[in-house]
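> Each chain, written out:
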Amino acid sequence: MTEPSWTARLRNSATEHLPPEKLLPDRQPSYVASWIYVFGVLTLAALVFIVLSGSLLALKGPGWWHVSAFGHFINSLHLWSVELFFTFMVVHLWGKFFMASWRGRRALTWITGAVTFLASVGTAFTGYIVQENFASQWVATQAKDGMNSVGIGAAWNVLNFGQMLLWHVTLLPAAVIALTGLHLLLVRTHGVAPPIGIDPSTGEAQHTSRPGAIR
Amino acid sequence: MSRSSPAVDEAAPWAGATRPYDLVKELVVALVVVGLLTVVLAAVFSSPDETGVTLQRWASAAPSDFVTTAAMELDGSSTSAGYGAPYNHNGSGQALGPLHLQRWLGVRIPVDPAGDFVLSPLRTVRGDPSVAAAVATYTAASAAQRQTWASNFTTAVAAAPNSDPTQITAGDYGPVPTLTTSLLGLAQSGALDSQLVTPGGGFYQSDYTRPLLFLADGSYLSDLAQRRHLAGNQWGMMNETGNFPGQAWLWLYTFWYQISPFKHSGNGDALVWAVMLILSLGLVLVPFIPGVRSIPRLVPVHRLIWRSYYRAHPLASAPPADAAGPPAGT
Chain A
98 MTEPSWTARL RNSATEHLPP EKLLPDRQPS YVASWIYVFG VLTLAALVFI VLSGSLLALK
158 GPGWWHVSAF GHFINSLHLW SVELFFTFMV VHLWGKFFMA SWRGRRALTW ITGAVTFLAS
218 VGTAFTGYIV QENFASQWVA TQAKDGMNSV GIGAAWNVLN FGQMLLWHVT LLPAAVIALT
278 GLHLLLVRTH GVAPPIGIDP STGEAQHTSR PGAIR
Chain B
40 MSRSSPAVDE AAPWAGATRP YDLVKELVVA LVVVGLLTVV LAAVFSSPDE TGVTLQRWAS
100 AAPSDFVTTA AMELDGSSTS AGYGAPYNHN GSGQALGPLH LQRWLGVRIP VDPAGDFVLS
160 PLRTVRGDPS VAAAVATYTA ASAAQRQTWA SNFTTAVAAA PNSDPTQITA GDYGPVPTLT
220 TSLLGLAQSG ALDSQLVTPG GGFYQSDYTR PLLFLADGSY LSDLAQRRHL AGNQWGMMNE
280 TGNFPGQAWL WLYTFWYQIS PFKHSGNGDA LVWAVMLILS LGLVLVPFIP GVRSIPRLVP
340 VHRLIWRSYY RAHPLASAPP ADAAGPPAGT
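So the sequence lines, in the order shown, correspond to chains A and B. Here our numbering runs 97 ahead of the position in the first sequence, where the first position is 1. Here our numbering runs 39 ahead of the position in the second sequence, where the first position is 1.
A hint or two may mislead.
Take a look, some chain A residues computed to stay more than 10 angstroms from chain B by CB distance [said to hold, decoys possible]: (1) 102; (2) 110; (3) 114; (4) 145; (5) 243; (6) 256; (7) 259.
Here are some chain B residues pointing at chain A (derived, C-beta under 10 angstroms) [to be verified]: (8) 48; (9) 62; (10) 68; (11) 89; (12) 154; (13) 158; (14) 280; (15) 284; (16) 310; (17) 317; (18) 353.
Quick caveat, the hints were computed from the structure, so don't treat them as lab data. No experiment lies behind these values; they were computed from the predicted model shown. Where is the CB? At the ideal position from N, CA and C, for every residue including glycine.
So that you can see chain B by itself, here it is in the shape it has in the complex (with noise of 0.2 angstroms):
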């Protein structure tokens, strides 16, 4: 095929009519317009502020839940106490077909969440006999023996009325049910806050790992969230408490969790995480994407962006095929 004319290089200076231009002007009206908007729906709307939920907290206003979390951390069935990397070896964790990146740099933050949420707390506690006497009687147990009195504790209380531990039928639960309520006692007197948090004994502190995993293993959290439709399943990474927009912009990395297979797969966030990996690959790259690079020829937008100039200088038909690219060089 011969060209029928020489092609055009969309490169070339611009040599039609131009028109006066004043950009420093330009930037101070936009930002004289944007400050005063974001003054005025700072001061109309304010912005949330919605306090922190405490272990302090957790522990007063739901000690079941609190027990039975702490509970769990002893038998190994919480959310922590079998995530796998990077906090400890004890789940394979997700992976994306034959990929395991979540393990591919390994344990990289340390916890072990019976002896970090409960033993450690509990060692610190003095003028209490039975919690030392507890503790140690815990962890002179062997494994087995250890995981059937958090086990069978963990049973009963979810076996016994509205899963409170005071309730649980006599069993053998050992020293379980004397270290779950000595470490409510402690989450309730506000020490177990900051103890999680230093766990090596330092005064300064900015790492939440630790109460965060405890939090988020425990039922309190999630409820709190559900209430306020922050919940995955309610597009709740993209909202924010109260009536306030949230991150908007998180609206396709949200959407996928709403669908299947995402929605269900034990894989779901490593074949999200997959999906906008690729997505956000795509919008760098539309210039490079044969049929993509072609869409803003095909829908006619930008007829009406620059419907001016196209009456004064009119096409003679439609824009050539591929028009918008692909790109010569950047």
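Isolated chain A, as found in the complex (with noise of 0.2 angstroms):
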């Protein structure tokens, strides 16, 4: 018998784990009716634009928002919409935390999340010091002696404009889109966490006594 090629393993995996009624669905469990839960697409969002409008940046390179008031308007585009990443993600993260959304083999949901909560701080962070202005040359002055005092700003120096525009970018956009498309694939595989207390194979409230029984 001949063995499966590596492609129809992946192909054969990913339709097991991920069947296309999972990764698009069109219903929800009923418990799924807060307005909490809108806080992760709000987030997704927000990083789109994040995205696009430090893609318009790029496109006409560090200086140009400086001297163009269509660039500066894009600039605040781009401000802004980090201002609300932030916001969406920080509730979407509370939210997740008080639902204790990490049940059920959903541990690595959790933290695909807060690394990518980590990515953004350090994403975030370049930006503010390849600014081409003072807050960046304040911040960065300001920075280096933490990046230093642990050893890390002999290889990541926050006074290098042209290694943190490199960074800010393209390595930790990167990473941070590719650890939220990993949460997302992770939401839609093992669904959202039922409400503490119910049982999610009967919808009702479970009936057991033992601390530490709930998996």
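Using the hints, put the two standalone chains together into the complex.
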């Protein structure tokens, strides 16, 4: 018997774990009926506008927005989409915390979300130090001491504009986008956690008295 | 202890009631709402862009501070001159107990403040023999002699009225006054800005390590920052120039700098980074930390979130202890 090709194995595994009806569902559990669930998709939407506005800034180079009114407006879009992104993401994160959304083999979903948050902080930070203005001068000269104190600064020099710009427009956004994609796939694969105290196999209250019995 | 009933598998497929859901429509609506919100915020509030400080501006606006800083680079008393890794070997750097992380990777970005910030730029001056002579005299002198001249000058400037270098009393300063005054002229002409960025004489450049270190050694930049509420003791890292929200998400990182022991420790940066590393790891590993993972069960926010569902499907009693974990695998 012929062994399945790597391609076939990948396709079979993908369709087994994430069939189309899971990837693009048109029904959800009835408990998914709170405004808190909206903040995940709002975060994603803000990320789209961050990438779009950042790409427009990249088209004309880092100095453009200082000398062009339109460029300045694009920079403003970039700034405010970042502010909205973090606002939505923090509400999303706290919401997921208070729902204990890692229950039921969903810990990796939580982990990818938390790592995405940390990667986003790094991405935003590099954005502030490549603005080429007073704020970036001050933030960079202050931040260098923190970086240097734990040895990071020797390899990751926040005073090196070229290095920080490339991290900001390539490496870190790629990491955030990849992590977000993985996070979304995990959400679609495992679904959203059921309400605390509810048995997903019945949709009714759990009937168990043993501490730690819930998986 | 025996089980009163089989354990509930919270990873089990949902078998309860469902409702219609349009994922694509939700995303499109979110894009429209966030797009409009972004455009309105950008149009109404714009974004900050305060011009950066050049060495020329510093030298013109605060010549005394500039000259004092140049002298401190020569006598080794500036921050950069005694920094240590990754710039030079002149300081031990910060440590976490026995761990000198700052020194682990060594001097990877070599910076010699006296040579790079003062003497090398002055060697490029043409048409003024006194500058070349001052540089020659200074570099030919012994290290002890250079230190004496520079320290005498720094002390005299500090004692002069308004710390004005032009009002110092006569003393044994060697060529230091000529060096610092010449550097001031070079900076005021604008030439020093490009010279510090391109110490190797290259045409293209993108590394501002040297001019930023020199700028940060003076008081001018920090005075401007202080007036804009950007200093470290003013929650500076998370603030932005003007009335803009800045990096509010750095509040916890900035918070530690406001309290002891971080605020006063010589190893404050390293301590703050260690704390933030532990807290970040804690955030990532929340599902596995006993106690923390049980907070959602103890704080009834979930009852608010799922209040409709709980009304239709009431819980018989309080959710079991540790209902929020641990996760069985990922």
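> Now tell me, hint by hint, if it's right for this structure.
Hints, verified against the model:
Distance to chain B confirms residue 102/A as a non-interface residue, since its nearest Cβ pair spans about 28 angstroms, more than 10 angstroms. In this structure residue 110/A is separated from chain B by more than 10 angstroms, as the shortest Cβ-Cβ distance comes to about 17 angstroms. Every C-beta of chain B lies more than 10 angstroms from that of residue 114/A, the closest at about 13 angstroms, which supports listing it as non-interface. Annotated as non-interface, residue 145/A brings its C-beta within 10 angstroms of a C-beta of chain B; the closest such distance is 6 angstroms.
Once the 10 angstroms rule is applied to beta carbons, residue 243/A is inconsistent with being away from chain B; the minimum gap is 5 angstroms. Not every beta carbon of chain B lies more than 10 angstroms from that of residue 256/A, the smallest distance being close to 4 angstroms; the non-interface claim is violated. For residue 259/A, the condition that its CB be more than 10 angstroms from all CB atoms of chain B is violated, with the nearest at approximately 3 angstroms. Hint on residue 48/B holds. Least Cβ distance to chain A is approximately 5 angstroms, under the 10 angstroms limit.
Taken as an interface hint, residue 62/B checks out: its beta carbon lies about 6 angstroms from the nearest beta carbon of chain A, inside 10 angstroms. Taking 10 angstroms as the C-beta cut-off, the interface hint given for residue 68/B holds, the closest approach to chain A being about 9 angstroms. Proximity of residue 89/B to chain A holds as hinted, the smallest CB-CB distance being about 4 angstroms (cut-off 10 angstroms). A distance limit of 10 angstroms between C-beta atoms decides the matter here; for residue 154/B the minimum to chain A is near 18 angstroms, and the interface restraint is violated.
Annotation: residue 158/B was flagged as interfacial toward chain A, and the flag is violated, the nearest CB pair being 21 angstroms apart, outside 10 angstroms. For residue 280/B, the interface hint holds, the least distance from its beta-carbon to any beta-carbon of chain A being 5 angstroms, beneath 10 angstroms. Checking residue 284/B against chain A by beta carbon gives a least distance of about 6 angstroms; that is within 10 angstroms, so the hint holds. Checking residue 310/B against chain A by beta carbon gives a least distance of about 9 angstroms; that is within 10 angstroms, so the hint holds.
Hint on residue 317/B is violated. Least Cβ distance to chain A is approximately 12 angstroms, over the 10 angstroms limit. Proximity of residue 353/B to chain A holds as hinted, the smallest CB-CB distance being about 7 angstroms (cut-off 10 angstroms).
Against the hints set out earlier in the document, violations occur for numbers 4, 5, 6, 7, 12, 13 and 17.
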